[in-house]
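*Asks:* As a plain string of letters, each chain reads:
There are 2 protein chains.
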Amino acid sequence: MYEAFWREVGDRAATVIPAWQAMSYSSDAAALCWFLEPGFEREARRLHRVVGNAEDDGYHFVVGTGATQLYQAAMYALSSPSTGDKPPVPVVSPAPYYSSYPPQTDLQLSGYYRWAGDATTFAAGDDDECIELVCSPNNPDGAVRDAVMTSAGAMPIHDLVYYWPQYTPITRRAAHDIMLFTVSKITGHAGTRLGWALVKDREVARKMVYFIDRSTIGVSKDSQLRATKILGVVSDAYEISQASDGDSNAVPRLFDFARRRMEERWRALRAAVASSGAFSLPDETTGYCSFNKRTVTDCPAFAWLRCEKEGVEDCAELLAGHRIVARGGEQFGGDARCVRINMLDRDRVFNMLVQRLSSIN
Amino acid sequence: MYEAFWREVGDRAATVIPAWQAMSYSSDAAALCWFLEPGFEREARRLHRVVGNAEDDGYHFVVGTGATQLYQAAMYALSSPSTGDKPPVPVVSPAPYYSSYPPQTDLQLSGYYRWAGDATTFAAGDDDECIELVCSPNNPDGAVRDAVMTSAGAMPIHDLVYYWPQYTPITRRAAHDIMLFTVSKITGHAGTRLGWALVKDREVARKMVYFIDRSTIGVSKDSQLRATKILGVVSDAYEISQASDGDSNAVPRLFDFARRRMEERWRALRAAVASSGAFSLPDETTGYCSFNKRTVTDCPAFAWLRCEKEGVEDCAELLAGHRIVARGGEQFGGDARCVRINMLDRDRVFNMLVQRLSSIN
Numbered sequence: 001m002y003e004a005f006w007r008e009v010g011d012r013a014a015t016v017i018p019a020w021q022a023m024s025y026s027s028d029a030a031a032l033c034w035f036l037e038p039g040f041e042r043e044a045r046r047l048h049r050v051v052g053n054a055e056d057d058g059y060h061f062v063v064g065t066g067a068t069q070l071y072q073a074a075m076y077a078l079s080s081p082s083t084g085d086k087p088p089v090p091v092v093s094p095a096p097y098y099s100s101y102p103p104q105t106d107l108q109l110s111g112y113y114r115w116a117g118d119a120t121t122f123a124a125g126d127d128d129e130c131i132e133l134v135c136s137p138n139n140p141d142g143a144v145r146d147a148v149m150t151s152a153g154a155m156p157i158h159d160l161v162y163y164w165p166q167y168t169p170i171t172r173r174a175a176h177d178i179m180l181f182t183v184s185k186i187t188g189h190a191g192t193r194l195g196w197a198l199v200k201d202r203e204v205a206r207k208m209v210y211f212i213d214r215s216t217i218g219v220s221k222d223s224q225l226r227a228t229k230i231l232g233v234v235s236d237a238y239e240i241s242q243a244s245d246g247d248s249n250a251v252p253r254l255f256d257f258a259r260r261r262m263e264e265r266w267r268a269l270r271a272a273v274a275s276s277g278a279f280s281l282p283d284e285t286t287g288y289c290s291f292n293k294r295t296v297t298d299c300p301a302f303a304w305l306r307c308e309k310e311g312v313e314d315c316a317e318l319l320a321g322h323r324i325v326a327r328g329g330e331q332f333g334g335d336a337r338c339v340r341i342n343m344l345d346r347d348r349v350f351n352m353l354v355q356r357l358s359s360i361n
Numbered sequence: 001m002y003e004a005f006w007r008e009v010g011d012r013a014a015t016v017i018p019a020w021q022a023m024s025y026s027s028d029a030a031a032l033c034w035f036l037e038p039g040f041e042r043e044a045r046r047l048h049r050v051v052g053n054a055e056d057d058g059y060h061f062v063v064g065t066g067a068t069q070l071y072q073a074a075m076y077a078l079s080s081p082s083t084g085d086k087p088p089v090p091v092v093s094p095a096p097y098y099s100s101y102p103p104q105t106d107l108q109l110s111g112y113y114r115w116a117g118d119a120t121t122f123a124a125g126d127d128d129e130c131i132e133l134v135c136s137p138n139n140p141d142g143a144v145r146d147a148v149m150t151s152a153g154a155m156p157i158h159d160l161v162y163y164w165p166q167y168t169p170i171t172r173r174a175a176h177d178i179m180l181f182t183v184s185k186i187t188g189h190a191g192t193r194l195g196w197a198l199v200k201d202r203e204v205a206r207k208m209v210y211f212i213d214r215s216t217i218g219v220s221k222d223s224q225l226r227a228t229k230i231l232g233v234v235s236d237a238y239e240i241s242q243a244s245d246g247d248s249n250a251v252p253r254l255f256d257f258a259r260r261r262m263e264e265r266w267r268a269l270r271a272a273v274a275s276s277g278a279f280s281l282p283d284e285t286t287g288y289c290s291f292n293k294r295t296v297t298d299c300p301a302f303a304w305l306r307c308e309k310e311g312v313e314d315c316a317e318l319l320a321g322h323r324i325v326a327r328g329g330e331q332f333g334g335d336a337r338c339v340r341i342n343m344l345d346r347d348r349v350f351n352m353l354v355q356r357l358s359s360i361n
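Those sequence lines, one after another, are chains A and B.
No gaps in the numbering here: position 244 of the first sequence is 244 in this note's numbering, and each next residue is one more.
No gaps in the numbering here: position 60 of the second sequence is 60 in this note's numbering, and each next residue is one more.
Among these hints, one or two may not hold up.
Computed from the model, here is a short list of chain A residues facing chain B with C-beta under 8 Å [what the hints assert, rightly or not]:
| no. | residue |
| --- | --- |
| 1 | W6 |
| 2 | R7 |
| 3 | H60 |
| 4 | F61 |
| 5 | G311 |
Quick caveat, the hints were computed from the structure, so don't treat them as lab data.
All C-beta atoms in this analysis are idealised placements derived from N, C-alpha and C, irrespective of residue type, glycine included.
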């Protein structure tokens, strides 16, 4: 979806890296996050200020190979090894949760932490340690979430990768202990594998850096250089070219483009669902967005589609029969009558989906 | 050390990445290693053919975030989860071994594998599974190694990141089951965090891909694009510009440059050690190099320096007193009278080291 935008921006956002640049493992050997390119940190913090979606003052900044590596680093930083008496720290999230959480958490069968399923049915003692993954807006259903585990030993990790104005109204500067973001969901550059964490506690940040050092000896400098350029172009369009509105040389504005496209797609999807009659979607919500300076609808990156036909227990199977590929609800710890539909695919794929969906009855 | 070379090559090796390029997670959704850029695979395989250091025909190609991620992926692929009866698979390497092996192996206290120390003192039953990390030429001492574990359950991983003609004579095309390489040790681009594995068994390669998918959802496309360009320039200098020898526009030849520099540095280091009298180094070895087409000395990327002064038990401490930073031998499972010295540092740092070393007596 974002490719069309970047083609329009053109050469202004291209990255040039001379062969002799950024050859070393380290960017600033004396820094807490020694493999972080200072320019990347600067542009990521600047973007938070432009958008107003997260507090960054007083936060340590940790770069990672996507939010995926960062959330593993955060779980590692929050837990301690299991011993004879003490099992690994349980990791929970309310269903439906991101389907990759369980296999990513248990990939190594770590002695530090272990997937423990749906937070809403998890029974923890008051002082028991547990890690809650709080994804907001939530993958797969787009719900705006707060932590549900409130015991003294609960440690939330806020996965805010979709908390950007194309997907949801920006209602406040988030200010949680650990907040994860990724370039992928902002600009569409998934292949760059680059994310960052804003971390309040210095010791937690230090342990996350240690984890990333040991698992990949830092993070690609090339990705950091490219993201520096790209995030810079995004912010420039809002900060610098305001004076030149109407100028045909003005850089297009990413969040305006993406919100327009997401709203179009959600309108098309809701129309198809209405025309079919066999499905339902989460209710549309609205809110005042401090970034857009108007009330906007939520436009999640995924649609959590529920089959309402009597007798249908497996929505993914039903859709497969109509040549629609969607991930089944039980993979998200949820109901098999639901599926997750990707709202960020290429135009051709998305249009075909809408067309096929509307003809099911 | 390599930066000077790449400055000389100049713009010919620069990478340009338009913002709309390589945005997706996947490069070829149908391929075994679906996040591998085909151009990168092509250039890496081409380089093996130019140099003649590894067989690549019939091998699957897996890209990773440096050899570090690949060796974890390989351990994961070779082992199965521990159960009540069965502990995690032991991982061994003959001392002195790369000091990062133990903490990287045990980072997550994985249920699949666990560091078990020096291979030469490890007692395994005939059928017991165990993984041996075979680093050749070896970090830290430069020794050319073969696997020492010969039991039926022994599974070697060949870490060949230094098996390039600047460091050691190329004596054969290596053809082991799992062979790891990294751009970092070939061209100096450590910050690119990019390595690859040549893997004989399809199922092992598939599991490695799964591991990399779950831990970082693939590998930076930007790093792959940059490495494609850089490895291409390295091979071109040997394959294309042979006709234009003496042409001032000819691209400089990386391995010639690096071997010259390594030989100079080793000469300087051996002279300093001789002038000091307080130390010894591993004996120089020579061999016919099929790539250089002449007999060459070994020029390891690290020097394994031993203090021969009576009464000195800790060489790192002695050197620290002379303002020389070196990693102590016990970190490599070896003797504290030894230290590892980096032979790839910047000229200024290396020259200072040699000067300070020669004055110790």
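*Asks:* Now tell me, hint by hint, if it's right for this structure.
*Replies:* Each hint, compared with the structure:
1. W6: Holds, about 4 Å.
2. R7: At about 5 Å, which falls below the 8 Å cut-off, the nearest Cβ of chain B leaves the hint on R7/A intact, so it holds.
3. H60: violated (21 Å)
4. F61: This interface hint is violated because 18 Å lies over the 8 Å limit.
5. G311: violated (34 Å)
Consistency note: the structure conflicts with the earlier hints numbered 3, 4, 5.
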